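Undergrad: Please work from the sequences and hints to get the whole structure.
2 protein chains.
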Amino acid sequence: MRRKITLKDIARELEVSISTVSKALKNSEEIGRDTKEKVQAFAKLYNYKPNNIAISLKNKYTKNIGVIIPDIVHHFFTTVFRGIEKYANSKGYNVIICVSDESFDKEVINMELLANGSIDGFIMSLSAETEEKNDFSHLIEVTNQGIPLVLFDRVTDVINCDKVILNDKEISFSVVQKFIQSGRKNIALVTTDNYFNVSKKRMEGYKSALEHNGIPLNENRILTLPYHDEIEDTQITDFFNSNEIDAVLCVNEIFAIRCMRVVQKMGIKIPEDISFVGFTNGMLSRYASPKLSSIAQHGDKMGEIAAQMLIEKIEREYIEEEDEAYRTEVIEGTLIERESTIN
Amino acid sequence: MRRKITLKDIARELEVSISTVSKALKNSEEIGRDTKEKVQAFAKLYNYKPNNIAISLKNKYTKNIGVIIPDIVHHFFTTVFRGIEKYANSKGYNVIICVSDESFDKEVINMELLANGSIDGFIMSLSAETEEKNDFSHLIEVTNQGIPLVLFDRVTDVINCDKVILNDKEISFSVVQKFIQSGRKNIALVTTDNYFNVSKKRMEGYKSALEHNGIPLNENRILTLPYHDEIEDTQITDFFNSNEIDAVLCVNEIFAIRCMRVVQKMGIKIPEDISFVGFTNGMLSRYASPKLSSIAQHGDKMGEIAAQMLIEKIEREYIEEEDEAYRTEVIEGTLIERESTIN
DNA sequence: AAAAACTACGAAAACGGTTTCGTGTTGATA
DNA sequence: TATCAACACGAAACCGTTTTCGTAGTTTTT
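Heads up: the protein sequence lines correspond to chains A and B, in order.
The opening position of the first sequence corresponds to residue 1 in the UniProt record's numbering, with each subsequent residue numbered one higher.
The opening position of the second sequence corresponds to residue 1 in the UniProt record's numbering, with each subsequent residue numbered one higher.
It should be emphasised that the hints constitute simulated quantities derived from the structure, not laboratory data.
Here the structure is a predicted model, which is why all the values come from computation and not from measurement.
Heads up, the beta-carbon is just placed ideally off N, CA and C, and yes, glycines get one too.
Don't take each hint at face value.
[Stated by the list, open to error] Here are some chain A residues the structure puts well away from chain B; computed CB gaps all over 10 Å:
| id | residue |
| --- | --- |
| 1 | Arg82 |
| 2 | Asn116 |
| 3 | Asn220 |
[To be verified] Covered stretches of chain B (chain A as the covering partner; in silico rule of three or more C-beta atoms under 8 Å from a C-beta of chain A):
| id | region |
| --- | --- |
| 4 | 40-53 |
| 5 | 279-292 |
TA: Below you can see the structure in the form of C-alpha cells.
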C-alpha cells in the first residue's frame, strides 16, 4: 500500500528544502530552471498531489460548500441540487450535503457541524419543522460568524441573506387567471398546512386571482392535505363530492396525481369536466395519464443561481469588500401545458 | 462579525498554555480541577468549537465519506444516498457527493480531487461510460493508496473491494418464472445496452428462466432502448406490433411506463392481455395507471449496508488490522405486485 | 531530612502545506 | 578591487489542533 507522497518526501529525496519544492511546483520565478524541472519531474513521476486538508488549514478556505435540504428523495430538491453541484464543480468546489429530514434538530446539528471549518458557505432550504417553529437562531449564529448563506425556495424574511425563490404568488395567480379565462369558475386549491412559506404564497396568488375576477372566495374549495403522512383517498373523495369543482391547482404533483385518480374514479373527465395543474414539473407529471399540466420550478436554474450567489460572496470575502448587500433572486415558474388542461 | 475563537485565544485570555486548554477541554486527568472549570466555563461562554480542518490534519481522518454516483435525479440513487447519509450521519460522518453524470472523465476528476485528503473512503456506483470503457485505473489508484472503497449496484469484477448488489439475475428469473406460471409464454425483455452490468445480469435471469421452462429464446422479443437519449415511441410501437407478447420485463420503470402507454394506445389491455413488471420501485410505478408491478431494489438498505461496510473498513484501519477480506453483500429484490400483473 | 512519587502544567514537535524574509553565490558595475 | 544587484535557495513562522515529554513544586515515603 503506497502512502501518499508529501513535499517533505520530495525534499528529502532531492536534497533540497521543502520551500524550494513548494515553489518549484508552483513554477515560481524564484527557483532556477534546473531545479524546477527536476522537482516537477519527480513530482509527476510519483504522482504528487497536495493535501487538500493542509491547504485548507493554511488558507482558511476549504473549497467545500454545504447544502442542507429537507429531503433528497424529492424531484424538486434533487434538480436544485444538480444545479448547485454543476456550478460549484465548475468553480472547483465540492458539495457536502446534509439532509435535515424535515427536522429542526437535525438541521441545527448538521449546520453546526459543518460550520466548524468544513465549509466556506451554506446553501439551504428550511425544514418543515424549522418553518413551523419559526426559530432561526442557528442561521443567525452562522451568519454572525461571517459564513455566507444562501436560502432557496423555503426561505424566511427573518434572516437577512441572499435568497432564490420562485414567483409563487404570481405564477399561481396567472394559472388561476388562465382557468378563469378558459371558462372555469369553480376553482379549488389543494395545499399543505400553511406554515410552508411557499404554500402561503401560492394561496395568496390563488385568492388574489379570484378576487381580481370578482369571484368570491369559498373556503370549502380549499383542501388541506398532510404533507408527509399517508393521505387517505376518502378525504379527497369527500372534498370533490361536496364541491362542484371544474379546475384545481395543487401545490405539488403528488397531490395532483392523487386527486386526478380519485376524480377519474368518480367518472369525471379530465380535462373536459375539470382541469388540473400542479406544482413541480417532475416525472409524475410527465407520465401521468392524462399527462399533468404542471408548473416548472426550474430547480436546476435555482440551484445554479444559488451556487453562483454563494460563491460570489465567498470569494468576495477575500477582497474584503464589506458591502453587505443581499439580493433576492426571483425565478419565474413556467406552466407546462399538457393534457390535464384545456386551451 | 465575530471571528471563531481558537485554543490560542483561550490560552492567551486565561494566561495558560495551549496544551493546558486542549487538555482541560478534554477533561484530562492531568489538569487541576480549578483550571479545568475555568477553561471549560470560558469555552462555553464563547461557544468554542474545535476546528474540524485542524483536527483532520492532525489526526489523518476527516470524518467525511465521498459518494460518487452517476445521477442524482434518479429515484434509485436517491434512495441509496438516503440510506448512506442516514447511517453515515449516525456515525458522525458527513457525506460529500459528486455526480459523475455518467461521464468517465468526471468520475476520474472527482475521485482524484476527493482522494487528496478530503475523505476517508468512497462509496460509488460506476458511470455508464466507465462501464463501457472498462477502464478502472482510477479505482485501482485509489485503493492502492489505501483508501477504502465500496461499490454498489453498478459494480465490476475487475476491482477487488467491498460491494453491495441486487440479486439481479435471480429476481429476474423469478419474475419471468412467475409470468410463465400465470400462463404467459411470449415474454419480452426491454433493456438497455449490455455494457451495464446490471442489465446483463437481468438478461441472464430472463434467458435462464425461459430455458428452464423449455421456451426457446426469441431474440426479437428483446428490445434494446437507449438509456439517456430521447426514446422514440415508434421504436416501441414497432416492437409490439411485430411481436405477439403477453408479458414484459423492463429493466427500469421509465421503460415500463413508456411501453405501457404505447401498448394501451394500441388497444391492448393491461394486465388482461399483457403483463408488465419493471425494475425500480419508484414514484412512477406507484402512480402509473395501471399501477406498475415493480421490483423494489431497496435502495435505502443498500445505502445503509454500503455505508456500514465502508465505515467498518475505515475504522478498522486504525486498529491496523490488515485483514483484507472483501465481502459482496447481495440484497434481495422484492416484487411489489400491483395492477399491471395478474395473479 | 533526603529520596521518591505525585500533581499540574508548559514546551515543542507534528500534521502538510504556503509564504515571508533572510543569505550565500554569482556576475556586473564603478 | 570594492560595491551591488540579481539569482537561487533555505529557515522559520504560521494555520489550529493533539500529544509526548520534561519539569517545577508539592506531598509522601523511609
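Undergrad: Run every hint past the structure and note whether it holds.
TA: Going through the hints against the structure:
Here Arg82 of chain A does not stay apart from chain B, with its beta-carbon only about 6 Å from theirs, under the 10 Å limit. Once the 10 Å rule is applied to beta carbons, Asn116 of chain A is inconsistent with being away from chain B; the minimum gap is 5 Å. No beta-carbon of chain B comes within 10 Å of the beta-carbon of Asn220 of chain A; the shortest separation is about 27 Å. Three residues within the 8 Å Cβ limit are the bar, and the region 40-53 of chain B against chain A gives 5, so the coverage statement holds.
With a threshold of 8 Å between beta carbons, the proposed coverage of the region 279-292 of chain B by chain A holds, since 6 of its residues qualify and at least three are required.
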